[in-house]
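Peer 1: Chains as they are written, first to last, in the working numbering: chain A, 94 to 347; chain B, 94 to 347; chain C, 94 to 347; chain D, 94 to 347.
What the hints contain is simulated information worked out from the structure, not anything from laboratory work.
A quick note: this is a predicted structure, and the numbers were derived from the prediction, not measured.
Certain hints may be false.
Intra- or inter-copy, both count: the list cannot distinguish identical chains.
To be verified - As a list, the in silico DSBU-like pairs of lysine-lysine whose alpha-carbon atoms are at most 35 Å apart:
#1 Lys203 x Lys248
#2 Lys203 x Lys268
#3 Lys309 x Lys202
#4 Lys203 x Lys101
#5 Lys101 x Lys268
#6 Lys248 x Lys268
#7 Lys202 x Lys101
#8 Lys203 x Lys228
#9 Lys228 x Lys248
#10 Lys228 x Lys268
#11 Lys203 x Lys309
Residue-level listing of the chains:
4 protein chains.
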Amino acid sequence: MADLTRLKEDLVTANRILAANNVVDSFGHVSIRHPDNPGHFLMARARAPMCVEIDDIMEFTLDGSIVGPQPGKPYSERFIHGAILEGRPDVISVVHNHSPNIVPFTVVKKPCFCAVMHMAAPVGRNVPNWDIRDKFGDATNLLVTNMEMARDLAKSLGTRTVALMRGHGCVVVGKSLREVVFTSIYAELNAQILGKAMAMGEITFLSDGEIAAATKGRAGFTLERGWENWCRQVDRPYYPLAWEMGPGFSRTDK
Amino acid sequence: MADLTRLKEDLVTANRILAANNVVDSFGHVSIRHPDNPGHFLMARARAPMCVEIDDIMEFTLDGSIVGPQPGKPYSERFIHGAILEGRPDVISVVHNHSPNIVPFTVVKKPCFCAVMHMAAPVGRNVPNWDIRDKFGDATNLLVTNMEMARDLAKSLGTRTVALMRGHGCVVVGKSLREVVFTSIYAELNAQILGKAMAMGEITFLSDGEIAAATKGRAGFTLERGWENWCRQVDRPYYPLAWEMGPGFSRTDK
Amino acid sequence: MADLTRLKEDLVTANRILAANNVVDSFGHVSIRHPDNPGHFLMARARAPMCVEIDDIMEFTLDGSIVGPQPGKPYSERFIHGAILEGRPDVISVVHNHSPNIVPFTVVKKPCFCAVMHMAAPVGRNVPNWDIRDKFGDATNLLVTNMEMARDLAKSLGTRTVALMRGHGCVVVGKSLREVVFTSIYAELNAQILGKAMAMGEITFLSDGEIAAATKGRAGFTLERGWENWCRQVDRPYYPLAWEMGPGFSRTDK
Amino acid sequence: MADLTRLKEDLVTANRILAANNVVDSFGHVSIRHPDNPGHFLMARARAPMCVEIDDIMEFTLDGSIVGPQPGKPYSERFIHGAILEGRPDVISVVHNHSPNIVPFTVVKKPCFCAVMHMAAPVGRNVPNWDIRDKFGDATNLLVTNMEMARDLAKSLGTRTVALMRGHGCVVVGKSLREVVFTSIYAELNAQILGKAMAMGEITFLSDGEIAAATKGRAGFTLERGWENWCRQVDRPYYPLAWEMGPGFSRTDK
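Can you build the whole structure from these sequences, using the hints too?
Peer 2: What follows is the structure, encoded as structure tokens:
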């Protein structure tokens, strides 16, 4: 299978995994930077993630213009992906969602979303909560539908992995498709766990040192273990990454 | 397929979708105004929504009298639908349910159900909580089983999209079947999210301007994206609306 | 099909329905008084409800002795069923479970389990919370394994429909198998809803008049609607009650 | 089937059961002491529990060295299992997980995890919450990746059945594979129930006498009832334990 086709198949799989794990519903989207052209990205046409097929994958420039075949209407919020990929050369893949345990944290006035468990370490501490009102007034429909809005959101994200969006959801970024899916799923779980813990008493959050160490430890093999499991969950073919196909533990054990 | 048959098929699908999304269980119902006669409406016989078949669809006048075939007993609360359709010419479709995250809001003395996320904007602010006790005493079985009760509930709804019913559930209205299903699902999600946020601290609700803008933006294409996904979820045929069948993005992008 | 066989088939179905609706897990049980001998009852051998087959149904006297075939070990808590059926000639069917949203109410010192929604009206007000410690000391394994314990629990239940059991679960009774399944499922839902409402503010409970009216209104047709739906849910044959097979709405509409 | 093969099949089944019951996700693991060599244990290669097959089962010495075939990379936290089996000759089987209702209890500063319902009696009172920071500093990735860390955790567990791990999860031990699976599932349920009860008021926990009696009563037959049900849930063959195959209730009923 050609590399690009395989990448698109994995992007379809990512759509299904995010839906099966309650990170997206009929809305929300995931993109990946084009492997041969860092100024382009791939993302489905505007369709519910569980319905996405390979022919729905479209190509865009970073300012959200369509390149090539147009199987349908694009997501009106595609600019989120473009603006983040534009400002973050280290980012390969972006998720925007309305993760149901995260949205409550976006509407509470006092910021409180932090990593409490090792699986969600990349969430970090004091996650910013971007409010579209601050710059675009209090009569928007909350959607990020042009580059100006999207760049403002990207600025709020800065060099982080997650930024909340008030009354809306969040964005999550990763250095690979597997990573952004993994972080999205565990950010949702972290929100569920933190919400319950907040009702019980004072909390010990991960320290900065723990966040750094656990994020660094999020190596390929860990992501691969989740990915294999989720492919099975959504009944999609699992294409192992090449480095993982030999006898794994001859590598550094992490 | 004749238009009326297709409409009834979509009504069957709506029943299944509401059940699969936990908005109705063995109880609750959804109606649609008759396309050729605004003084009539269509609704299933008294049957659990997940079990409804096309031959269960009955026709009623707005005062709840049966017109035509009688495949079985009608819902004893069909008057809710009649009274709302009677007073709201703008409404095409009505849902009555016991949405499990909304019911808690109906039994709390201090009113607090408002939209907190853009997907649920039509929920609005300070949703009324109709209490059958106010007019019909505190020894009813809480069911709305005649036109007098139903008109009182419709008055409480007024020009809104949602009204709560104390100790019971809610009513949701829409300008189409797809819209009322969509709003019912996201009203339930809004309740789940708001309940969690209320335990965390002070909340930023959607502003009036945001509610207006996000409600207006709830155009056909957005509803269609949910509808396609939910048809697949309940394994029912998806009949796209005609306007959506061309190359979508040649239309205004919203 | 002989009447007794059909009753046993319905008892198997009830076991599966309770399991599918999260009212029982691998534990918990449901019994029915023998239709030809009010001094006997029918219940499965000690097996997880989702695994129960028709050949697992055993017959017992009210003091828990086995009558007839012994396909396996009986439930060690069968005495709960015997003692309640002994003291309540009006009761036909009993459920004992560890309903997961009800158990929290059994361990809170201040009693607070009451009906808040019409579907759960038979739950009533100020549901008693039987504590095995009161009479049998604080070193039991909490199981009700003889008639003395079971009669003490039955005394706590009195003429009610539900009694909690501290640190354990509850008992639910009904005038039919369909009714006890229905009440068990809605008692669990009532607990889920009440738990959420208690975190939001002061609550309006159902009044005594509402409880009486809504309980009375729990007629055969309402139970039948749930039963048909749940039979489908667990993929079991649905045997309609005879009275329901004619054109339903020629009866009084309730 | 040879005994060892059957044991490995049961270990595969245990992996699937823990995943299906939300006790493990793509991470977490379960081990069993080698039946012929108490200084060795069996556990899957590093793979998501729902994906584990019989050829994934590896053999380890108690210090975590691999013995025999190496179908893949081992779990980096296998030392947890070795250190506990080393210090606890009474233990046959160990689970490590990130049980989602338990993790909140690990991040709350004031310890509060205790058994509140009889099914979870072995959880006991004042469950210790091991914090990797106490001995290994606040810049670890929280993983237990060597014998020194694992022995420190085992020391915190002491003679108990459950120990929490701050910001991470817990360990659960048992005298058999069935027992450790059973306790893991009910510890998660106990956490869910306790979390809800804590929001409602002051709580009655199980007494020491009740914990002792209910733990002692956790005999083979009780475990077997759960095991049969869970085998069906995950569509795996059920191999009954020999003692259970006769007419069960000729044995002492408890």
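Peer 1: First find the shortest C-alpha distance between Lys203 and Lys268 inside one copy, then the shortest across copies, and answer within, between, both or neither for a cut-off of 35 Å.
Peer 2: within (30 Å within a copy, 37 Å between copies)
Peer 1: Is it within, between, both, or neither for Lys228 and Lys268, if the alpha carbons may be no more than 35 Å apart?
Peer 2: For Lys228 and Lys268, both the intra-copy (29 Å) and inter-copy (33 Å) Cα distances are at most 35 Å.
Peer 1: Could you place Lys228 and Lys248 in one of the four classes (within, between, both, neither) given a Cα distance threshold of 35 Å?
Peer 2: Answer is within; shortest intra-copy Cα gap is 12 Å, inter-copy 39 Å.
Peer 1: Regarding Lys202 and Lys101, is the shortest C-alpha distance of 35 Å or less found within a copy, between copies, in both, or in neither?
Peer 2: Close neither inside one copy (39 Å) nor across copies (45 Å); limit 35 Å.
Peer 1: With 35 Å as the alpha-carbon cut-off, assign the pair Lys203 and Lys309 to within, between, both or neither.
Peer 2: both (29 Å within a copy, 30 Å between copies)
Peer 1: Indicate which option fits the pair Lys203, Lys248 if close means a Cα-Cα distance not exceeding 35 Å: within, between, both or neither.
Peer 2: Classified as within: same-chain Cα gap 20 Å, cross-chain 38 Å, threshold 35 Å.
Peer 1: Checking Lys309 and Lys202: alpha-carbon separation at most 35 Å within a copy, between copies, both or neither?
Peer 2: Result: close both inside a copy and across copies, 31 Å intra and 26 Å inter.
Peer 1: My question is about Lys203 and Lys101: at a cut-off of 35 Å on alpha-carbon distance, are they close within one copy, between copies, both, or neither?
Peer 2: This pair counts as neither: shortest intra-copy Cα distance 40 Å, inter-copy 48 Å.
Peer 1: Quick one: Lys203 to Lys228, C-alpha cut-off 35 Å, is that within a copy, between copies, both, or neither?
Peer 2: both (19 Å within a copy, 33 Å between copies)
Peer 1: How would you classify Lys101 and Lys268 at a CA-CA limit of 35 Å: within, between, both, or neither?
Peer 2: For Lys101 and Lys268, the Cα distance is within 35 Å only inside one copy (17 Å; across copies 38 Å).
Peer 1: Please work out whether the CA atoms of Lys248 and Lys268 approach to 35 Å or closer within one copy, between two copies, in both situations, or in neither?
Peer 2: So Lys248 and Lys268 pass the 35 Å test inside one copy only (18 Å; across, 39 Å).
Checked against the numbered hints listed earlier, the structure breaks hints 4 and 7; every other hint is satisfied.
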